[in-house]
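Top line first, the protein sequences correspond to chains A and B. First residue of the first sequence? That's 62 in the numbering used here, and the numbers climb one at a time after it. First residue of the second sequence? That's 588 in the numbering used here, and the numbers climb one at a time after it.
These are calculated hints, taken from the structure and not from any lab test. Remember, predicted model here, so these are calculated numbers, not experimental data. Hints should not be assumed to be uniformly reliable.
[Claimed, not checked] Here are the simulated PhoX-like cross-link-like pairs (lysine-lysine), alpha carbons at most 25 angstroms apart as the crow flies:
| no. | chain 1 | residue 1 | chain 2 | residue 2 |
| --- | --- | --- | --- | --- |
| 1 | B | K766 | A | K123 |
| 2 | B | K599 | A | K67 |
| 3 | A | K106 | B | K625 |
| 4 | B | K761 | A | K96 |
| 5 | B | K731 | B | K599 |
| 6 | A | K208 | A | K288 |
| 7 | B | K659 | A | K123 |
| 8 | A | K67 | B | K596 |
| 9 | B | K596 | A | K123 |
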Amino acid sequence: MENEDKDIALAEGYIEGSLTENERSDFEKRLMEEKELQELLNDMKTLTVGIAYAGRESARQKIAELEASFQEENEETKVIPIWQNRKFFAAAAVVAILLVSTFTIFNLNQSPSSEALFQTYYEPYMILSGSGTRNTDSESAANDQDKALIAYEQQKYEEAIAILEPIQQDNEINKFYLSSAYLASGQAEKAIDGFQGVISSGGEYTRQAQWYLALSYVKLGDVEEAKSALSVIIESGSAYSKKAKALFVQLD
Amino acid sequence: MVETSLIEKIKKGGESELAEVYKAFRGEFLSWITKNFKCTQDDAKDIYQHTILIFYENILSGKLVELKSSAKTYLFAIGKNKALELYKASNRFTDDFDTVKLGGVDNSLEELDEKEDDLRLVVKSLDELGEPCSQLLRLYYYQKRSMDEIAAEMGYKNTDTAKSLKYKCMRRLKKIYKKASVSLN
Chain A
62 MENEDKDIAL AEGYIEGSLT ENERSDFEKR LMEEKELQEL LNDMKTLTVG IAYAGRESAR
122 QKIAELEASF QEENEETKVI PIWQNRKFFA AAAVVAILLV STFTIFNLNQ SPSSEALFQT
182 YYEPYMILSG SGTRNTDSES AANDQDKALI AYEQQKYEEA IAILEPIQQD NEINKFYLSS
242 AYLASGQAEK AIDGFQGVIS SGGEYTRQAQ WYLALSYVKL GDVEEAKSAL SVIIESGSAY
302 SKKAKALFVQ LD
Chain B
588 MVETSLIEKI KKGGESELAE VYKAFRGEFL SWITKNFKCT QDDAKDIYQH TILIFYENIL
648 SGKLVELKSS AKTYLFAIGK NKALELYKAS NRFTDDFDTV KLGGVDNSLE ELDEKEDDLR
708 LVVKSLDELG EPCSQLLRLY YYQKRSMDEI AAEMGYKNTD TAKSLKYKCM RRLKKIYKKA
768 SVSLN
């Protein structure tokens, strides 16, 4: 026991960098030879970080309690959706949290139809028509994009499509929203072409496009393609992978 | 408020002083952050709590010894960075906004990586370890208090007594942790 405590003290000093030069080189020599000491050092690293982590958790808890003591006060309860903030969220888009809430609506013995699954998992991609990250070659193109995104936001998909079709090659954003508008208006085949284009360009909409591509296949009832698209998402471990897994299972 | 002595008190575990800071700047902070970053009241509260945590930890680690400006300026500067971080994170994984770590509820245990699993196991083991060990270890490893201070605060005869207790506690914690991790694997 006493020896172990000494080694614990040494390992602690080693981690903290508080050993003398001699102590450190002795310790390192022993580390090369003694497997147990290596294990102890590793454990000590995990334990010391873990204790700090526990300390942080309780500090967090205490702060949350402080906040809770304010609960009853006259807070404004009005909630401003964060995506409405054009100034702050000036970049292109914020996705709504896709609600995967309804596993239970399906009878387990009955395989849900593709359309039902589509309706369950599909939520139009929410956008924010800011002006941060666009490639605006010209004012009018920018204005068109603005108009299109506003139309999309108002769920006027046909109008958005009409504006976006001629300018879809300008950038990935146009192409992504055009494809989203196709899907939202039930034109799954066109959506598939578009999302594939977005994915192949490999830009910042890739993950979103992968998910909506999979949903487009579900919409068409093409289970095999849908599953293969979902596998890509699951393997990528992207933010959509949880939903993708859930949908994949239901397609079986 | 004499801010340097306030910091010293918080460093020595002054919870009421921390609460005082929390109360003093909360209202102004929340309205400032919701106005300038147009976020919801709930987001603003998360940001404020996180800001206070950072403020607290900077005091513990000795990064913050004295305030060159006022506590308010300091807190608002942290808050601004937090809000921007939140923005960047929500922009990068736009659909994953609610899992951005803001000290909120952890709803994705299964997604935590292995390392975090290890840490959680340590937290559990620490609970099992009980007092006074748990407190002693937290004081040393989280609150970064010296062994002299710990000995005085916890009423030990001298620093050496506290030190040898610390190693004993560590040995026991390791035992509990090892046992728990073996039974998990």
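Here is what the structure says about each hint:
1. Simply put, K766(B) and K123(A) have alpha-carbon atoms about 30 angstroms apart, too far for the 25 angstroms limit, and the pair is violated.
2. Annotation: proposed proximity of K599(B) to K67(A) is violated, straight-line Cα distance about 29 angstroms (limit 25 angstroms).
3. Simply put, K106(A) and K625(B) have alpha-carbon atoms about 41 angstroms apart, too far for the 25 angstroms limit, and the pair is violated.
4. For the hint pairing K761(B) with K96(A), the CA-to-CA distance comes to about 17 angstroms; that is within 25 angstroms, so the pair holds.
5. Our distance criterion of 25 angstroms between C-alpha atoms is met by K731(B) and K599(B), whose separation comes to about 10 angstroms.
6. Note on K208(A) and K288(A): the hinted pairing is violated, with a Cα-Cα distance of about 35 angstroms set against a maximum of 25 angstroms.
7. A threshold of 25 angstroms between alpha carbons decides the hint, and for K659(B) with K123(A) the separation of about 21 angstroms falls inside it, so the pair holds.
8. Between K67(A) and K596(B) the CA atoms are separated by roughly 33 angstroms; this puts the pair beyond 25 angstroms, and the hint is violated.
9. Note on K596(B) and K123(A): the hinted pairing holds, with a Cα-Cα distance of about 17 angstroms set against a maximum of 25 angstroms.
This entry does not satisfy hints 1, 2, 3, 6, 8, going by the numbered hints stated previously.
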